[in-house]
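Number of protein chains: 2
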Amino acid sequence: MEPLSATPRTSLGRTPERAGTDRSVLYEILDAGLICHLGVVVDGTPRVIPTCYGRLDDTLYVHGSTGASSLMTAPAQEICVTVTHLDGIVLARSLFHHSINFRSAMVYGVPSPVTGEDEKLAALRVVTEQLAPGQWDAARHPTRKELAGTTVLALPLAEASVKIRQGPPSDDDEDHALPTWAGVLPVHQTFGAPVPDPALTPGISVPAHIAAR
Amino acid sequence: MEPLSATPRTSLGRTPERAGTDRSVLYEILDAGLICHLGVVVDGTPRVIPTCYGRLDDTLYVHGSTGASSLMTAPAQEICVTVTHLDGIVLARSLFHHSINFRSAMVYGVPSPVTGEDEKLAALRVVTEQLAPGQWDAARHPTRKELAGTTVLALPLAEASVKIRQGPPSDDDEDHALPTWAGVLPVHQTFGAPVPDPALTPGISVPAHIAAR
Chain A
-14 MEPLSATPRT SLGRTPERAG TDRSVLYEIL DAGLICHLGV VVDGTPRVIP TCYGRLDDTL
46 YVHGSTGASS LMTAPAQEIC VTVTHLDGIV LARSLFHHSI NFRSAMVYGV PSPVTGEDEK
106 LAALRVVTEQ LAPGQWDAAR HPTRKELAGT TVLALPLAEA SVKIRQGPPS DDDEDHALPT
166 WAGVLPVHQT FGAPVPDPAL TPGISVPAHI AAR
Chain B
-14 MEPLSATPRT SLGRTPERAG TDRSVLYEIL DAGLICHLGV VVDGTPRVIP TCYGRLDDTL
46 YVHGSTGASS LMTAPAQEIC VTVTHLDGIV LARSLFHHSI NFRSAMVYGV PSPVTGEDEK
106 LAALRVVTEQ LAPGQWDAAR HPTRKELAGT TVLALPLAEA SVKIRQGPPS DDDEDHALPT
166 WAGVLPVHQT FGAPVPDPAL TPGISVPAHI AAR
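Residue numbers (this note's numbering), protein chains in the order written: chain A, -14 to 198; chain B, -14 to 198.
The following block holds chain A by itself, in its conformation from the complex:
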């Protein structure tokens, strides 16, 4: 497996010990996410858009959105896709060492619009299964018209960085004697009980692939 790239912008200046260099860690962070934040430059200024995505091998597929439409008219521009998992709030004895435990991945590159019906279907399958595993086989597939109205961008995982902070607070030695509680408040993303569409035909029960999450 190729290690991660080490271009200047994917090398961490301030806290190099938080950098991941293993490609498998990049995959884990991306595969565990439900949404990404897509950064684009519009008229010279940054725009950050939450949207859906999926990964297959070394390609990240990003679902079309309001922001992606501006990308489609100028497809040859660079984007940044960031996926962040907030794992905990780090409560230190000093305010200065308060922090967050997190895992984040940033991917840079020039995306290509996915064209061709078969290619688009394959890419949409990746995006759908990332958000809602099992739904590709459960729901009605896109019509030609729906496919034409859907934008998917493909971004190679060629230039990427991973940043991770885990573990207890990093208080200064002289602060350890303070009578202040210190530790981590874990943060989790959880699923609630499925809420049926009020228009659902009576008698259709929640399928196992949804109930099991």
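Watch out, some of these pointers could steer you wrong.
Reference excerpt, derived from the structure (chain B facing chain A, CB under 10 Å, subset only) [as the list claims (entries may be wrong)]: (1) Val33; (2) Ile34; (3) Cys65; (4) Arg78; (5) Val99; (6) Ala117; (7) Thr165; (8) Val172; (9) Pro179; (10) Pro183.
Treat the hints as calculated values from the structure; they're not laboratory data.
The C-beta atom is built at its ideal place from N, Cα and C for all residues, glycine as well.
Mind docking chain B on chain A? Use the hints.
Chain B in isolation, oriented as in the chain A frame:
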């Protein structure tokens, strides 16, 4: 209360029904978040960085980070700060209408570095209390040296947009007869039980303001 701005980039083109125009909704979305995604342009390309923030009245304070350091050397550039809450996965009868329920806020503007010890302390208090309410009074305050080593940016809530999707899937009428389950899988952010620092002095119990979350 001033309504939200309606500049071209804060007006939603594709799904105007998802736009919020009430400033109180902007406040609610920002106040409920733990981290934001900060977008900056570095050497002409976008960079999206997760970081901590806080709001006081119509100012958003963004905590210094690896990315913010590049902002400090070129402070007169525009940034975009996005806060997103993922509330649910929308499972439709058709793949085309799969979606997410979410609340997001995007704020644009040119940030100012917060300077002056009193101003910086006040801004840090806002950021700390957003992430860890109650900790400002519980933990050791910053030294002058720590203050000098901390970057906080102030961004006015002058140009902002809010986007919200809630509720059941929006399947086409002709798809309602399909024998496919449809509804929403709620997504929640929850806190786990506090994990004490292994180096914690024995006998210090978790304070109520942490345990109560």
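Task: Agreement of hint Cys65(B) with chain A interface, Cβ distance less than 10 Å - done: Holds, because the Cβ-Cβ distance from Cys65(B) to chain A comes to roughly 5 Å (cut-off 10 Å).
Task: Interface restraint verdict for Pro179(B) against chain A (beta-carbon cut-off 10 Å) - done: holds, 5 Å
Task: Hint check: 10 Å Cβ-Cβ cutoff, Val172(B) to chain A - done: holds, 6 Å
- [ ] With a cut-off of 10 Å on the beta carbons, see whether Ile34(B) makes it to chain A.
- [x] holds, 7 Å
Open item on the list: Restraint: Arg78(B) near chain A, CB-CB cut 10 Å. Satisfied or not?
Closed with: holds, 6 Å
Open item on the list: Under 10 Å is the threshold here; is the Cβ of Val99(B) close enough to any Cβ of chain A for the hint to stand?
Closed with: violated, 15 Å
Task: Restraint outcome when Thr165(B) is required to lie within 10 Å of chain A by C-beta distance - done: Status holds, d = 6 Å.
Task: Hint check: 10 Å Cβ-Cβ cutoff, Val33(B) to chain A - done: holds, 4 Å
- [ ] Verify the interface restraint on Pro183(B): the C-beta must sit less than 10 Å from at least one C-beta of chain A.
- [x] holds, 6 Å
TODO: With chain A as the partner, please determine if Ala117(B) meets the hint condition of a C-beta pair closer than 10 Å.
DONE: holds, 6 Å
Violated hints amount to a single one, hint 5; each of the other numbered hints is respected by the structure.
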